[in-house]
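Asker: As you go down the protein sequences, you meet chains W and R in turn.
Quick note: the numbering used here has the first sequence finishing at residue 1283, numbered continuously throughout.
Quick note: the numbering used here has the second sequence finishing at residue 1283, numbered continuously throughout.
Read the hints as simulated data drawn from the structure, not as lab findings.
The beta carbon of each residue, even a glycine, is placed where N, CA and C say it ideally should be.
The calculated EDC-like cross-link candidates involving lysine to aspartate or glutamate, where the alpha carbons are at most 20 Å apart (straight line), are:
(1) R:K1136 with W:D931
(2) R:K825 with W:E844
(3) R:K868 with R:E892
(4) W:K825 with R:D831
(5) W:K948 with R:E901
(6) R:K825 with W:E837
(7) R:K1125 with W:E839
(8) R:K825 with W:E845
(9) W:K891 with R:D905
(10) R:K809 with W:E844
(11) R:K1135 with W:D931
(12) R:K1125 with W:E845
(13) W:K935 with R:D1127
(14) W:K814 with R:E854
(15) W:K825 with R:E845
(16) W:K891 with R:E901
(17) W:K1271 with W:D1235
(18) R:K859 with W:E901
Quick look at which bits of chain R chain W covers, simulated, 3 or more residues with Cβ under 8 Å:
(19) 816-825
(20) 840-846
(21) 892-898
(22) 907-917
There are 2 protein chains.
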Amino acid sequence: MSQKHGKAKRGIPAKEDFNEWYPFIVEAAELVDKRYPIKGMDVWRPYGWKAMRMIDNLTHAEMERTEHEEVNFPLLIPESLLEKENRLVALLKKAREEGVDPSELRLDEDEAGFKKEVYWVRHAGENELDIPMFLRPTSETAMYTMFPLWIRSHADLPLKTYQVVNTFRYETKQTRSFIRVREIHFFEAHTAHADEECATKQIEEDLEIVRNIMHQLCLPVMISKRPVWDTFPGAWYTIAIDVCMPNGRTLQVASVHHYRDQWAKAFDIKYEDENAEQQFCHQTTYGMSERLLGALVGMHGDDQGLIMPPAVAPIQVVIIPVLHTEGKEEVLTHVDEVAATLRTAGLRVKVDSRDIRAAKKYFDWEIKGVPLRLEIGRRDIENGTVFAARRTGGKEPLPVADVVDQVRAQLDNIAKILREKAASHVENRIKKFPKIGWKADGSMVFNELKEGTIYEMPFDGSDAQAEEIEKFSGFNILGDSVENFEQEIPCVVTGKPTKRRVYVGRTY
Amino acid sequence: MSQKHGKAKRGIPAKEDFNEWYPFIVEAAELVDKRYPIKGMDVWRPYGWKAMRMIDNLTHAEMERTEHEEVNFPLLIPESLLEKENRLVALLKKAREEGVDPSELRLDEDEAGFKKEVYWVRHAGENELDIPMFLRPTSETAMYTMFPLWIRSHADLPLKTYQVVNTFRYETKQTRSFIRVREIHFFEAHTAHADEECATKQIEEDLEIVRNIMHQLCLPVMISKRPVWDTFPGAWYTIAIDVCMPNGRTLQVASVHHYRDQWAKAFDIKYEDENAEQQFCHQTTYGMSERLLGALVGMHGDDQGLIMPPAVAPIQVVIIPVLHTEGKEEVLTHVDEVAATLRTAGLRVKVDSRDIRAAKKYFDWEIKGVPLRLEIGRRDIENGTVFAARRTGGKEPLPVADVVDQVRAQLDNIAKILREKAASHVENRIKKFPKIGWKADGSMVFNELKEGTIYEMPFDGSDAQAEEIEKFSGFNILGDSVENFEQEIPCVVTGKPTKRRVYVGRTY
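Chain W with its partners taken away, still in its complex shape (with noise of 0.2 Å):
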């Protein structure tokens, strides 16, 4: 298909070169421009903006369905507040160090050390302000001191609060469209329940709400717990949900963590329980980011393009009028009425009555990546029938009599087909974890791990052993997949047999 290492067609770098093509392809076909005069801010152009509304869509009605209420919090949060959720995480930090239950633990005030990697404002005008403030990394703490205030009784819980917001965090690395940016756009649940098992279930509708929202958008994904090394600060543990891309590189587009109390005695959120007793809350956090769209374009996308699943699809259909010098009018009017008859039936429609070659056309809209193309000219309409072309591949002509239900056919076959490439792709990177070899000194050797690949492990070693493999291979353990493997297979380390799964890859 493509040119290796060299430009594909019509001047857009071949997908095998991962690194060239995606930063070209998200300007090409305008999700966002990159000349923002600040470093990791972009700007979301019509296209691109109209992507990430759709993605926000079916999480909006994600959260419906499950009976979230959408709040939306002040960006700022003052200085006061992070202390309070820096010495959370130091006290959690210690706990784990000494391997002992953090309610046993207190600690000092100037233990808190660590300081984010946050944007500060401490000016305003002219004037110096009394107390700092930063931009929400995310809303923990603005949140968890209004909890408070709802909560009182049994009654108020489960609280099911969630937000999509604009986030900052001063990144050091380097930047990346939707992948590593510094201003983020990004969805945020926080919930607050009586007891730990209810908070457990939470988590489990969750990753349900995940598996909906990865379907509609025809990406696999693997679903691990993250080692507890890795495991966000202040939580009881992290489910990551990770997708595998082209160059075998993992990205995390979302996490689930669970709190238990940890938060809650941080910022007292308490309920009196059915015996009129005082109980700390049990809270989780679920939270995805326009991450989800980088992963689209990178999983879906080809030499030509985008290729935007038909769910989420800015323009699902376009329609291009096949003018000649006869019959201009007719085909026009023609066009206009299969336009309105599938516009009525709630799709997405766009014609390009553009004067220009239908070869730019053609281009214009495969970058962006639109599912579907029909073409419409007078013979179409002798005929009876429109011409479609997959933008997954394919062409042939459909009978305009019955048009609606024909998309929607032609489109639920284009998401089949994504998922199905999506599901090869994924399945050509997993492979089986190759051998460990020892040194005398007791150190590993990992001579057959392959850049882009990623491998499930089966593993029943301890934490130590699998921080070793972290530091010996160089490749990052993302953690326990949450599925059940049936199976059992000898751990790499220990030779145990195990059905716990390990995936390890290199991550972005």
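Assemble the complex: chain W is given as a structure, and chain R must be docked to it using the hints.
Answerer: The following block gives chain R in isolation, referenced to the frame of chain W:
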């Protein structure tokens, strides 16, 4: 209706005491929570946020109708761009003072003095940033930095973009939910055109959009061209849209600016015309904010709480099952059926089957301003009716057989009543401007001006005379009404008959 200067029933301050009623009601109706630890930054609660999003949806629909495209710009703006704006504003000020065309002037870099009331970001993590940045108060500078990259030829015009974002203003005055806040939920449209006339047509389209939205919100507005000293810095002229609040103060809820080519010259926004010559664009902006919600609250609310206009009510219909021990299941099933029928028709319906007293339910939904309440009990099922109570007053049984049409008619009727009530409120507030008295030293005396009144002043004097009226009266000149008045009335200053009408009042 209300007890004068006291609490009305059920703990709600009387609306007559507007300065007590307003802050009470925005929290009691659960629109926002003001207990967030930064003053002037409220937390949007689910009900308030839903209402705001409903208002946004009206805006989105109008933007789509008029072919504006939605973009999303970074929140942070580098300081250097502000300096560009400052120089432009200083230049325009000078041109106005000297009475010359701005293009005849050139400005030295150091003449740009004033610092805006913005929040500054000068630090991130542990670092001081090389380039200081500020949080957008509006996005002219951010956008007009990109426009030259997007506009090449006349074929790229008009460029019509908009965004709905959070903006920031370092308010030093007393804050008030929705009306004067530090983080502002904001809509801003920015357009670029080939010439002044095209830009002027955009202004007309903007005012048509304003009228459509205000009709849905049941808000009568005063639309006037602001006096020159109250024109947005950088604008050729500003048209502002004011709502008359219950206390007679006017609240600016939207504004439209014609920039001519002033910003284009400062930011080098040019296009190649049909004769292959470079021309500067002419630009406009149109802004609205969460003040629209503040205006709704103030205009329509009463001693019982909010009244939400049906077009933006988060809940349009609340259904309350009337339950007795017998036939409970039957009633609940019937209620669910009615709710499903209404929802299928696109209506926003809530069923309140909480196990509490009916009076408490009435209170909850009245304070939140749900326009229509339906009660359904066994007798209603027997009679084939539902019992409807309008939030604007009046109750009656409706036939359940065509409940969708019946409910729609009720909601239309409620909107009509809100419009009439609001119009009559404004009519009562707007008076003819009283006679000006003159002292021997030539200063003006305004003995008859009354607080809480807005005046329509026939005026044909100079800007200097208008400024004198502001100075001596303590009232604000809102500006020249854009309505066409046929009748000629003598100007309050010169005595010359004039068709011009200037609004004068106290502003928020």
